[in-house]
Every structure is written in C-alpha cells, then in structure tokens.
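Chemist: Each chain, written out:
Protein chains: 2
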Amino acid sequence: MMRFRARVYVMLKQTVLDPQGSAVLRALGDLGYDGIHDVRIGKIVDLSVQAEDPDEARAKVEEIAKRLLANPVLEEFSVFLEPDAAQGV
Amino acid sequence: MMRFRARVYVMLKQTVLDPQGSAVLRALGDLGYDGIHDVRIGKIVDLSVQAEDPDEARAKVEEIAKRLLANPVLEEFSVFLEPDAAQGV
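Line order of the protein sequences matches chains A and B.
Its first residue numbered 18, the first sequence is counted upward by one per residue in this note's numbering.
Its first residue numbered 18, the second sequence is counted upward by one per residue in this note's numbering.
I should point out that these hints are in silico values taken from the structure, not numbers from a laboratory.
Predicted model only: the values in this text are computed from it and were never measured.
Keep in mind that a hint or two might mislead.
Straight line, CA to CA, 27 angstroms or less: simulated DSS-like cross-link-like pairs of lysine-lysine [as the list claims (entries may be wrong)]:
| # | chain 1 | residue 1 | chain 2 | residue 2 |
| --- | --- | --- | --- | --- |
| 1 | B | Lys60 | A | Lys77 |
| 2 | B | Lys60 | A | Lys60 |
| 3 | A | Lys83 | B | Lys77 |
| 4 | A | Lys30 | B | Lys60 |
Isolated chain A, as found in the complex:
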C-alpha cells in the first residue's frame, strides 16, 4: 500500500450562475477595485488516500468526487495526485 496526496478542484460549470462570485465582485467594486471581471468561486478538497498504485488512487478519488464532493448537475471537478512524501509506503 502506498499513500497519495490528492487535490480535487470543484467549480461550478461555466453555464451556471455564481451568486457568491457576483457578491465578491460587488464587494470589490465597493472597496474601490476596478478592472475586475468574471469572479467565480470554487472548492478545494485535499485528502490522503491509500492505494496499491496511482491508477487505483485516482479511480478512488474520482469516485469520491462524483459521489460526495461535486454535484454533477451543476459542478465539474478535476483531480490531481502526487505521492505523499511525508507518509509514503
């Protein structure tokens, strides 16, 4: 068993309105920042996962992202993986 560090990025799909992003954009305007556009908010989920190899680790994390971390109707996700240097093997 090896241990991997995974990072999942979850963003709203481009076609989905992002009220949280609009609120940040408005707040930036109120603070006097101009020249800012297209603010979109997303989530990061970092986790450590034990698996036999990188392929198994990635499959596990993608399944978790689909089932629990992202809403497939509104959101899209991407998974990045690296060996867990601190706690490998």
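Put chain B on the given structure of chain A with help from the hints.
Modeler: For chain B alone, kept in the frame of chain A given last:
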C-alpha cells in the same frame, strides 16, 4: 492594459482545525471508503483582472486576497496568474 486570469487558492493553515474536512472524512467512512486521511477543505477564487503588466496584476490580486478573500489569522493563500487568452489586450 492587458487582461489576466488569476486563480487564488485559500486554505486553512495546517495548525487550524478544519471541521468541514472532518465532516467529509466521517461521511466517507459512513459510505464505506477506508484508507482516507487528512481531509482539508479550501476555496478557489477565479477572477479576471486588468493591469499594465503581470507584476501589477499579481500585486492587485494579492492585495484583494489579503483584504477580502482570506482571513490572515486562520488562512493562507497563493496566487496563480496567466494571460487571459479569450480577452487579451
């Protein structure tokens, strides 16, 4: 003026407890996933920023991150920047 696409990652500092991450970890256990550890949740903020050059764009985004996007007591942030291909110049 050029237009840049910036991505800000905001994570809780390692020393700060992450109850949202603990909740996800527990939910994963309930769903039958084992071998998962150290779940940490963070935020992504994507935005477009107009500036004369990359240095000015980065400075602007870092100031925004400090003032509005991250809580410097509990959180740390990092900024990534690229030219906005879709709407350059």
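Chemist: Each of the hints needs a verdict: does it hold here or not?
Modeler: Quick rundown of the hints versus the structure:
no.	hint	result
1	B:Lys60 with A:Lys77	22 angstroms, holds
2	B:Lys60 with A:Lys60	5 angstroms, holds
3	A:Lys83 with B:Lys77	35 angstroms, violated
4	A:Lys30 with B:Lys60	16 angstroms, holds
Violated hint for the displayed structure: number 3, the only one.
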